[in-house]
Amino acid sequence: MNDESNSNSIKVLQYIQNNPGCYLRQVKRELTMSMGTIQYHLNLLEKNGRISSERRNLYKHYFPIGLFEQNEKDILKILNQETAREILMIILEKKPTQTDIANIIQISSASVNWHIKRLIDFGLILEQKDGKFKRYALGVDSKNIISLMKNYHPNIWSIWSNRLAEMFLSLSKEENE
Amino acid sequence: MTISNIFLETEPFGIESGIELGIVAFALILFALSITAYRNTRIKKILFAASAFALFAIQLFVDSIEDYIGILDEDVTGIIVKLMTFAILVLFFVAIVKKR
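Taken in sequence, the protein lines are chains Z and V.
Numbers 1 to 177, taken from this note's numbering, label the letters of the first sequence in order.
Numbers 1 to 100, taken from this note's numbering, label the letters of the second sequence in order.
Treat the hints as calculated values from the structure; they're not laboratory data.
One should not assume that every hint holds.
A few chain V residues that don't get close to chain Z, going by computed Cβ distances all over 12 Å [as the list claims (entries may be wrong)]:
hint	residue
1	14
2	16
3	19
4	20
5	33
6	50
7	54
8	62
9	63
10	71
11	73
12	77
13	81
14	86
15	96
Some chain Z residues well away from chain V (every beta-carbon gap over 10 Å; in silico) [as the list claims (entries may be wrong)]:
hint	residue
16	77
17	86
18	169
Each pair of labels, with its calculated beta carbon distance range [said to hold, decoys possible]:
hint	chain 1	residue 1	chain 2	residue 2	range
19	V	44	Z	58	48 to 56 Å
20	V	44	Z	95	45 to 53 Å
21	Z	126	V	65	52 to 60 Å
22	V	61	Z	60	45 to 53 Å
23	V	76	Z	65	56 to 64 Å
24	V	74	Z	163	33 to 41 Å
25	V	98	Z	93	31 to 39 Å
26	Z	26	V	39	24 to 32 Å
27	V	15	Z	120	47 to 55 Å
28	Z	134	V	39	48 to 56 Å
Note that this is a predicted model, so its numbers are computed, not measured.
Heads up, the beta-carbon is just placed ideally off N, CA and C, and yes, glycines get one too.
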């Protein structure tokens, strides 16, 4: 690989590191390289294990390897859920309790509890004690989460299936907080 | 005479088939949505609802076979369809009362 090609490869990798979840046209637009060149570097980086990709509808999204310590695919699955995204958005703004979240999103406390447990399990958020309350804060770099949410959003099918799941979650009676 | 009257007079069979097709299509969409929801969340109770939606589509299919082909005995089909309706309601009931 010559110097110019190497430098382009680094540029592409850096762009993906700064914008996890970005897609081919977006990289092309921002780096002003030809489609063929970018495609070549993306394939090379993926082959070398520097980035991973996930196809969603018409777009193939690219992620730097090691963005999250584990469960990368599961985290993407979570970001594909409307409610989990809304919860993350609230947590980005403040350190809410489960009751705060339930009041803001207007979903059942059982549903909030289920999502919170899942987000904690995947290391996306942390539970912090605040007197008799439990508050939640981001467990990962907020820049990465914001970028992922911006670039990787649920399609209409995911939104509908999430709403169906919410319906069943709201029927669950489970103690929370 | 309005357009809908003309349609009703000339194509009653077509309208009924169209509605039935719509019901089957919606049942299948709901089935597919439930499967996607289950795959994303792994909440088992959603599988009961998915089975109910699938059974609903099958029920309409059995009903149509009886109406249009007539290979099954009318009484037998009636019992099968009613049993399926019962099973659909049981599945929804289980989906509601099951914890997760």
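Hint check results:
1. With a minimum CB-CB distance of about 30 Å to chain Z, residue 14 of chain V clears the 12 Å threshold, and the non-interface call stands.
2. Every beta carbon of chain Z lies more than 12 Å from that of residue 16 of chain V, the smallest distance being close to 28 Å; the non-interface claim holds.
3. Here residue 19 of chain V stays apart from chain Z, with its beta-carbon at least about 23 Å from theirs, past the 12 Å limit.
4. Even its closest Cβ contact with chain Z, about 23 Å, leaves residue 20 of chain V beyond 12 Å, as expected for a residue assigned away from the interface.
5. Not every Cβ of chain Z is farther than 12 Å from the Cβ of residue 33 of chain V; the closest lies at roughly 5 Å, contradicting the non-interface assignment.
6. The non-interface label for residue 50 of chain V is inconsistent with chain Z: the shortest C-beta to C-beta separation is roughly 10 Å, within 12 Å.
7. Non-interface call for residue 54 of chain V relative to chain Z: holds, since the shortest CB-CB distance, roughly 14 Å, exceeds 12 Å.
8. Even its closest Cβ contact with chain Z, about 25 Å, leaves residue 62 of chain V beyond 12 Å, as expected for a residue assigned away from the interface.
9. Separation of residue 63 of chain V from chain Z is adequate, the least Cβ-Cβ distance of about 25 Å exceeding the 12 Å criterion.
10. With a least beta-carbon separation of about 35 Å from chain Z, residue 71 of chain V lies farther than 12 Å from that chain, consistent with its non-interface assignment.
11. Every Cβ of chain Z is farther than 12 Å from the Cβ of residue 73 of chain V; the closest lies at roughly 37 Å, confirming the non-interface assignment.
12. Every C-beta of chain Z lies more than 12 Å from that of residue 77 of chain V, the closest at about 31 Å, which supports listing it as non-interface.
13. Even its closest Cβ contact with chain Z, about 26 Å, leaves residue 81 of chain V beyond 12 Å, as expected for a residue assigned away from the interface.
14. No Cβ of chain Z approaches the Cβ of residue 86 of chain V within 12 Å, the least distance being about 21 Å, so the stated non-interface status holds.
15. Non-interface status of residue 96 of chain V relative to chain Z is broken: a Cβ of that chain comes within 12 Å, the nearest being about 5 Å off.
16. Here residue 77 of chain Z does not stay apart from chain V, with its beta-carbon only about 6 Å from theirs, under the 10 Å limit.
17. With a minimum CB-CB distance of about 15 Å to chain V, residue 86 of chain Z clears the 10 Å threshold, and the non-interface call stands.
18. A Cβ of chain V approaches the Cβ of residue 169 of chain Z within 10 Å, the least distance being about 7 Å, so the stated non-interface status is violated.
19. Between residue 44 of chain V and residue 58 of chain Z, the C-beta spacing of about 33 Å breaks the proposed range 48 to 56 Å.
20. The hinted window of 45 to 53 Å between residue 44 of chain V and residue 95 of chain Z is violated, with their beta carbons roughly 32 Å apart.
21. At roughly 57 Å, the beta-carbon separation of residue 126 of chain Z and residue 65 of chain V lies within the given 52 to 60 Å, and the hint holds.
22. Taken as a hint, the range 45 to 53 Å is violated for the pair residue 61 of chain V and residue 60 of chain Z, whose Cβ atoms sit roughly 38 Å apart.
23. One distance hint, 56 to 64 Å for the beta-carbon pair residue 76 of chain V and residue 65 of chain Z, holds here, with the actual separation near 60 Å.
24. For residue 74 of chain V paired with residue 163 of chain Z, a C-beta distance near 40 Å keeps the hint of 33 to 41 Å intact.
25. Between residue 98 of chain V and residue 93 of chain Z the CB atoms are about 35 Å apart, so this pair conforms to the stated range of 31 to 39 Å.
26. Residue 26 of chain Z and residue 39 of chain V have their C-beta atoms about 27 Å apart, which keeps the hinted 24 to 32 Å range intact.
27. For the hinted restraint 47 to 55 Å between residue 15 of chain V and residue 120 of chain Z, the CB-CB distance of approximately 53 Å keeps it satisfied.
28. For residue 134 of chain Z and residue 39 of chain V, the Cβ-Cβ distance of about 30 Å falls outside the hinted range of 48 to 56 Å, so the restraint is violated.
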